[in-house]
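With chain A held as given, fit chain B onto it using these hints.
In the order they appear, the protein sequences are chains A and B. Residue 307 in numbering that gives the first Met the number 0 sits at position 308 of the first sequence, and the numbers go up by one each step. Residue 36 in numbering that gives the first Met the number 0 sits at position 37 of the second sequence, and the numbers go up by one each step.
Where hints are given, some of them may not hold.
[Unchecked claim] Derived SDA-like pairs: lysine to any residue, alpha-carbon spacing no greater than 20 Å straight-line: (1) B:25 - A:196; (2) B:165 - B:63; (3) B:202 - A:16; (4) A:29 - B:282.
For the record, the hints were derived by calculation from the structure and aren't laboratory data. Keep in mind the model is a prediction, meaning the values are calculated, not measured.
2 protein chains.
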Amino acid sequence: MGKRIVIALGGNALGRNLPEQMAAVKNTAKAIVDLIEEGNTVAVVHGNGPQVGMINTAMTTLSREDPTHPMAPMSVCTAMSQGYIGYDLQNALREELLDRGLRRGVATILTQVEVDADDPAFQNPSKPIGAFMTEAEAEEMRRRGNAVMEDAGRGWRRCVASPLPKSIVELDTIRTLLDAGQVVIACGGGGIPVYPSGGNHLKGAGAVIDKDFAAALLAQSLSADALIILTAVEKVAVNFGKSDQRWLDHMTPAEARAFAAEGQFAPGSMLPKVLSAVKFAESRPGRTALITLLEKARAGIAGQTGTSVSA
Amino acid sequence: MGKRIVIALGGNALGRNLPEQMAAVKNTAKAIVDLIEEGNTVAVVHGNGPQVGMINTAMTTLSREDPTHPMAPMSVCTAMSQGYIGYDLQNALREELLDRGLRRGVATILTQVEVDADDPAFQNPSKPIGAFMTEAEAEEMRRRGNAVMEDAGRGWRRCVASPLPKSIVELDTIRTLLDAGQVVIACGGGGIPVYPSGGNHLKGAGAVIDKDFAAALLAQSLSADALIILTAVEKVAVNFGKSDQRWLDHMTPAEARAFAAEGQFAPGSMLPKVLSAVKFAESRPGRTALITLLEKARAGIAGQTGTSVSA
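Isolated chain A (complex conformation):
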């Protein structure tokens, strides 16, 4: 009996530009179809850091050269990135499925995700996006009302808020397609961030939602059996890079929270993955989250590798 699985894809699943993405999605599709071939129903959530940065830079350059085009808000850039990434990914999945004799619809659902307009993240834009700038360019960007930050000695970048996802606007659509046995790509880039703004209106937010948190929320909302966070390491480690480094096969949510409180996991990298896994595992007894290498998805779901988080 197959499981309903939500897969969160890390940055290594997509590459950083057009030719890299076209190559990377082939490999990614193999890992995902491995799970479908075993009878599971799969929804895929992907990140969009480099892609939304590229699109944001392109649209900003356009608006500088042609003032009839105002700056594109981050919500619009995320919508474009869902189209850009979804196209390559759904195409690669379709091909890999057909190559294995599997006939399944593959769909990319343009997804809006509601955030709280009062989320404290809006007071503290922390997620770097787009190209590196000189300090002078950053100052100009700041003058135009954008937050900027120095990014780990590599230069200045624009940064945006990263609020928590509250609900998935297109959930019914995603569920309908999964129920029909289709493969669904949804909540791309964490979803287009929107917040209620008078009556039934949803307004785009100048933000980017963490895709692992969005994947955990999607898994919860769909009552999925498992959340698999695919990344560039096979297992989660504590004391990472030290002499007493230890790979973990399993954590309870309480153990994971304790490690997180010790600062064991890098913010913006392993920390949101572990916290997303905890969130899903805690949401109902019997739910399991797994963090493992993209290429180990099949072995991971069979219990042979990766780090699982469950109560």
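Below, chain B alone, put in the same frame as chain A:
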């Protein structure tokens, strides 16, 4: 008993840039929800001329400034435009539905449409896209392998092929959602043009598919009851702008073809709309296509206005 209707939206439904689009979709949503409120199930196809042009220009500018980003193919630009337009349109539809107390899922389906790699259109790129250029800029564009043309005295533009749509890759997804009563935005910009390229691979084509032809194919493929082509005029005219101008209430496919052969309809404007209407009306007895003003959709489907095409 409600009908299954495919709606093709003309350029006036979306505007030409970000703020225009945000305003235009409100009006467009009202016209579409008028039809849903009467119990019809609706799939919406929209154009993307100005939008894909804007995105193509932005991506071209980026690749000029940062050579790590190669030029984005037209297929990728169309995928981005489906995200950009679908986001605003689905949001406006959702709000208008809720404002009228209607609970329906609204989904944008990233759609690939197969074309024939041997379509003669590829030998004769005829569809102008993107910003106007000087003759010198056009020459430079041509040197980089793109087709360019002088556009009606307004300057030079890049132009791409406009092949005929053959089949809709994500048809099952669209049908599943319509069967579930959802409102579906699909084949945006005529669909992402792809063609079979060895095994099960689909390759993006440097082309833009006419959205009216794509809408006719979608209507046919879904066995829709009606195709409604919404545009900037209430009815189709013959002898347009002359002393003997005549508005048409109805044409048979044969009459429409005869008018088209006389050169009554402007290529790139009314001609593809009339030919798409003919194509759908001819595809099975009882099928009706309607061409009318965006704001007259409801009256049109009630038989009170517009130009209908049926056998």
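Checked hints:
1. B:25 - A:196: 15 Å, holds
2. B:165 - B:63: Roughly 35 Å between the alpha carbons, so the hint for residue 165 of chain B and residue 63 of chain B is violated.
3. B:202 - A:16: Holds, because 18 Å separates the two Cα atoms, which is no more than 20 Å.
4. A:29 - B:282: 40 Å, violated
Hint compliance for this structure: hints 2 and 4 are broken, all remaining hints hold.
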